[in-house]
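Novice: Sequence:
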Amino acid sequence: MSLFWRIFGLNAVVLGTATALLLWAPVTVSVPVLLTEAVILVCGLVVMLVANAALLRIGLAPLDRLTKLMTRVDLLRPGQRLPVTGHGGVAELIRTFNAMLDRLEAERATSSARALSAQESERQRIAQELHDEVGQSLTAVLLGLKRAADQAPGPLRAELQQVQETTRESLDEVRRLARRLRPGVLEDLGLVSALTALTNDFATHTGLKITRHFAADLPPLDAQTELVLYRVAQEALTNVARHAEAERIELRLRRTTGAVVLHISDDGRGIGIGREGDGIRGMRERALLIGATLEIDTGTTGGTHVSLSAPTAKKPVPTAQEEDADHG
1 MSLFWRIFGL NAVVLGTATA LLLWAPVTVS VPVLLTEAVI LVCGLVVMLV ANAALLRIGL
61 APLDRLTKLM TRVDLLRPGQ RLPVTGHGGV AELIRTFNAM LDRLEAERAT SSARALSAQE
121 SERQRIAQEL HDEVGQSLTA VLLGLKRAAD QAPGPLRAEL QQVQETTRES LDEVRRLARR
181 LRPGVLEDLG LVSALTALTN DFATHTGLKI TRHFAADLPP LDAQTELVLY RVAQEALTNV
241 ARHAEAERIE LRLRRTTGAV VLHISDDGRG IGIGREGDGI RGMRERALLI GATLEIDTGT
301 TGGTHVSLSA PTAKKPVPTA QEEDADHG
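Counting in my numbering, the sequence shown runs from 1 upward without gaps.
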């Protein structure tokens, strides 16, 4: 039944019932109307309006559910759908809305894959330039400063050594930035070694105490899944340093049935109820890229808990290069 006929039928039931009561009820209306008769008529009108409102609420309940879903739907949290029952106009509307969400989520996953692939390529290019150009230039400056300091008189030698030390610190910082942009350890030694190096470097520069727990039975993962796990851990640690005011962080990597779970928790102030920032939405986009599930909440004892469950067997989202090859 279409929405028009559903509303028409509900009103027809109410008006038909009211008409039947007027025809067969032993009630007459005097002229002028008596107080008791006016009370009966008003009560009848109220009952009719209440019945009409109740029936309309029941009939339009699917539209209310659809409206609420529209206000809270988020393409970074896929799978939000309404159940479809019947074959009327409302059911067809819900079915069409669910199909639209399917298309939007698929398009969002593909566009996110393209954007993240381009982002990683740009990071690798910048890291390479930092390592090759800036790093080599600073190394040359260091060698020149050393030669100048060896030949300089005492007071000037001390100043040149100070500049040399500053340049060496800048070189170390450039190398650290290059490692953050392009985790070479991840490509060469795998996820566990990369996370170990990441947390060690993070603890050194922030002073936070980080404990790690890596399961011994971790399954082999493809390069894309390892990169997503690494980037989510990197962003979660960065958020802790910037916003959490924490002192301790715990990082766990364990295996479950059909998935690998990365869990990061801290003892800070929690995430609150505010709007999610770009960092968290970036983590959700990366999770969507590999079909993973990301949960971020505040624990019962405070702090923030980030949990990423990455499936070990997944259907990969096509990248820009793969789509171009298919079309070619």
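Any given hint could turn out to be false.
Claimed, not checked - Between beta-carbon pairs, the in silico distance windows are:
1) Gly-16 <-> Cys-43: 28 to 34 Å
2) Arg-77 <-> Arg-168: 42 to 48 Å
3) Pro-220 <-> Gly-144: 30 to 36 Å
4) Glu-250 <-> Ser-137: 38 to 44 Å
5) Arg-255 <-> Asn-98: 29 to 35 Å
These aren't lab readings, by the way, just hints derived from the structure by calculation. Note that CB positions come from ideal geometry on N, CA and C, so glycine has one too.
Novice: Indicate, hint by hint, whether the structure satisfies it.
Specialist: To see whether the hints hold, each was checked on the structure:
1. Here the CB-CB span from Gly-16 to Cys-43 is close to 19 Å, at odds with the stated 28 to 34 Å.
2. Between Arg-77 and Arg-168 the CB atoms are about 47 Å apart, so this pair conforms to the stated range of 42 to 48 Å.
3. Between Pro-220 and Gly-144, the C-beta spacing of about 47 Å breaks the proposed range 30 to 36 Å.
4. Our hint of 38 to 44 Å for Glu-250 and Ser-137 holds, since their Cβ atoms are close to 40 Å apart.
5. Hint check: Arg-255 to Asn-98, Cβ distance near 33 Å, so the stated range 29 to 35 Å holds.
Consistency with the previously given hints fails for numbers 1 and 3, ordered from lowest to highest.
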